[in-house]
Amino acid sequence: MTSQEIAALLSERFGERILESKPDDMNPWSAVDPSCILDVCRFVNSDDRIKMDHLELLGGVDYEDRIEVVYVLYSMKHRHRYTLKCRLPREEPKVATVESVWAVANWHEREAFDMFGVVFEGHSDMRRILCPDDWEGYPLRKDYKAPESYRDMPV
Amino acid sequence: MEVDYSGDIMTLNMGPQHPSTHGVLRLVLKTDGEIVADAVPHIGYLHRCFEKHVEDVDYAGVVPFTDRMDYCAAMNMEQGYVLAVEKLMGIEVNDRVRYLRIIMAELSRIASHLIAAGTYGNDIGSFTPFLWCFRDREKILDFFEETCGARLLYNYHWVGGLMHDIKPGMEQKIVEFVDYFEPQVDNLNRLLSDNYIFIQRTANVGIMSPETAISYGVTGPNLRGSGVQFDVRKDEPYLGYEELEFEVQVGKGEHGPVGSCWDRYMVRIREVKESCKIIRQAVARLTPGDVREKVPKRIKPPAGEVYMRTEAPRGELGYYIVSDGSLKPYRLKVKSPCFTVMSAFREVSRGAMIADIISILGSFDIVLGEIDR
Amino acid sequence: MESIAKLLQAIPEYDALPELLQFLIPIVTSCVIIFALLALCVLFMVWLERKVSAHIQDRLGPMVVGGWHGWAQTLADALKLFLKEDIVPASVDKVLFKMAPFIVFLGAFAAYVVLPFGASSFVTDLNIGILYIVAISSLSVIGIIMAGWASNNKYSLYGSMRAAAQIISYEIPAALSIMAVVISVGSLSMIEIVEAQKGSFLNWFIIKNPFIFLAFIIYFIASLAEVNRTPFDLPEAESELVAGYHTEYSGMRFAFFFLAEYANMFLVASVATTLFLGGWTLPIPLLSEIIPGPIIFLAKALLLIFIQMWMRWSLPRLRVDQLIYVNWKVLMPISFVLILGAGWMAIR
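Protein chains in written order, with our numbering: chain A, 19 to 173; chain B, -17 to 355; chain C, 54 to 401.
Treat the hints with caution; some may be incorrect.
As the list claims (entries may be wrong) - Dumping the calculated BS3-like pairs for lysine-lysine here, alpha-carbon to alpha-carbon at most 27 Å:
#1 LYS104/C with LYS12/B
#2 LYS234/B with LYS69/A
#3 LYS34/B with LYS112/A
#4 LYS282/B with LYS160/A
#5 LYS40/A with LYS259/B
#6 LYS216/B with LYS95/A
#7 LYS95/A with LYS234/B
#8 LYS121/B with LYS163/A
#9 LYS259/B with LYS155/B
#10 LYS95/A with LYS160/A
#11 LYS121/B with LYS104/C
#12 LYS259/B with LYS163/A
#13 LYS216/B with LYS69/A
Calculated directly from the structure, the hints in this document are not laboratory data.
Sequences are here, hints too, so could you generate the full structure?
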């Protein structure tokens, strides 16, 4: 399927909850309402026409007014790629976990939590993965200031 | 975390400093005698926050950072990044650059797989293949040193081209190396891959079904070892791989169920021979040209985002770049193949023995620099 | 030892010494000689191992220390180990920790007293020679378990338990294949076993009797497991348990473990030479007069040691359950059959 067809299918199925679609971009994407991301992911994983069985990348991006969680999805069967985005408020970014759909999301979401502070609701093991468990702050946010010291060691 | 006192579960900690965890990886094993009930990997010991650093350097300055992710196959790391930026900017490199990049990537792939094979043999207890593999890898590193001055971390791929051209006469030497090297792979097979003890240690161990592999986002030789025919070079070709003839090697389960450690290891060994084929074809197609022809004076991609993936030796390496039109990347996210395969480790190692944990870890062929970035 | 005793008796003052000293001096002298021989052999074997491994791995090995191909390398390493600080970790069981290396070494060394290096070059000829060797060399298991337990370290405990399981299991096929030889000779004495192989190459047990040829192979494999060499070196597997039961040992204490391993290697090679390859006999008429018995014996033992080293550097390591499987389901049934076969050939 082409990206235009995927965007059309998503809009048809989820209507208002697909906030914006840019299927003609270099990296075609659709912005999804965070409250229904799990449904959308289940749909794209199970629907035979789209069949996105491979979650390539799940990451965060910090824009000035929001934090976005990006889901780059690929279909091994149909060999097409599409990106979904969730726009979350900076103060309390929360979104449902998709680890029940793709097992690899477990680690990717832990990293997004570690780096951006996005809390994935329903995650089985929501703790930091790369930084030490008691690190303070979310490093990849644009307003992050590295702490002076960590456990009495100068940073 | 819950503590489980049932039975005789003993908690054993492997690492972060351990001879066989291929880097600074910590494995917390819950063992019941020799059987492992749970193996939880803890990563992050080599985390250098590469993604934050690159937001402060310009696009050309990111290349040395990418080297240091998977330091065993640095050429492939650089290549992925450079191709992503070129895609964003719409730069088409000339033929000489394309084929040189292919040659360098495949040489790097051979070098990386030699490390994988050698260290895997070491873990299983056979010390000799390690030295044979490194002896041949030295010859590859000599090529890299002649071309760009460095043996391990190169800064060779530039956006739009390459740092230096290869020296005159080096194509001949590369072909001679490939001619010397292909029989060495057969030697290695006789010593290690077809050795009965090695097969006993690896062929029924660490079975990963294709569904598990895809769900955990496993790619590269680890995925192909489970029988899934998928290679970025064939399915989403870049740099002109579509013009070259080579086969995608897939695990066939010759000595046990498909998806065992032996299959993953053997896919790598067979891929090395395919790389030799590719190198020969690429050398034959080299045309004269200027490798710095299309290198822009200032790298200022238009605002937008791009996702580009390439076939690194350890799997599919993805770069997601968000550009805001300035000289520095706004966001650079790397999808590292070893990260995803490590997330599958817990599932694959359930019910294995302690000695098998080492087998499975070795067959995944991880490099912590890439996992932690 | 008898020859030393006879030599000493020729000195007139010797009879004047008290009985106890007359008894002890030959014993102590022979033991010192054997220990010196052992030390030299181990020195040479460590150097040989490094050279063999180097050439198999397409590199050179020691080349500098001492001049010609680094022959003094082992001396330098031994000196280094000797001069190291004696570290006894704070939380170990001190008595057991210190005793363990000596017991392991004792198990290997005490068996040397019955090895017949030549027609008259041996310390003593016990009439239960080979039984004594099998019995004494199993002392080292106690030392290994002590080392693993006393180290107060999970890895060491794992390593020593594995080593104990391995050694105790593999003693059975080893002893059974030795029994096959004993049945053919009808005596447990080492000297008589060698005497039975005198005369011609065809008398060597390995050639004379097809069952004993198989027994040789079984003994060789089982003895590799006894000595913890690859492919059976799981207890010392570097890549899995750091260093198994001798993780916590350093300096001279580690040197004792190391010495014990090579002494054991030489011991099993010597036992195999005596039982299967004819000991110090060489049925080529002219050469057997010129070359003394011990040299022939050493040459045969070194050949076996070379094969042990060759196997170490070519083969991967067996996993613990595969190890136990090989022993109980492959080697042991075959050795039972061998005993029956050897017995039948002996009665014939």
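Status of the hints after comparison with the structure:
A hinted pair counts as satisfied when its Cα atoms are at most 27 Å apart, and LYS104/C with LYS12/B does not qualify at roughly 41 Å. A hinted pair counts as satisfied when its Cα atoms are at most 27 Å apart, and LYS234/B with LYS69/A qualifies at roughly 26 Å. Distance restraint check for LYS34/B and LYS112/A: the Cα-Cα separation of roughly 22 Å lies within the 27 Å cut-off, and the hinted pair is therefore satisfied. A hinted pair counts as satisfied when its Cα atoms are at most 27 Å apart, and LYS282/B with LYS160/A qualifies at roughly 21 Å.
Under the criterion of a C-alpha separation no larger than 27 Å, the hint pairing LYS40/A with LYS259/B is inconsistent with the structure, at around 41 Å. With a CA separation close to 14 Å, the supplied pair LYS216/B and LYS95/A stays within the 27 Å bound. Of the supplied pair hints, the one linking LYS95/A and LYS234/B holds, its CA atoms being roughly 20 Å apart against a limit of 27 Å. Simply put, LYS121/B and LYS163/A have alpha-carbon atoms about 45 Å apart, too far for the 27 Å limit, and the pair is violated.
Proposed proximity of LYS259/B and LYS155/B is supported: the alpha carbons are some 15 Å apart, at most 27 Å. Restraint check for LYS95/A and LYS160/A: the C-alpha separation of about 38 Å exceeds 27 Å, so the hint is violated. Using a Cα cut-off of 27 Å, the hinted pair LYS121/B and LYS104/C holds, with the two alpha carbons roughly 24 Å apart. Distance check on the hinted pair: LYS259/B and LYS163/A sit about 50 Å apart at the alpha-carbon level, beyond 27 Å; violated.
Our distance criterion of 27 Å between C-alpha atoms is met by LYS216/B and LYS69/A, whose separation comes to about 20 Å.
Comparing the model with each numbered hint stated earlier shows that hints 1, 5, 8, 10 and 12 do not hold.
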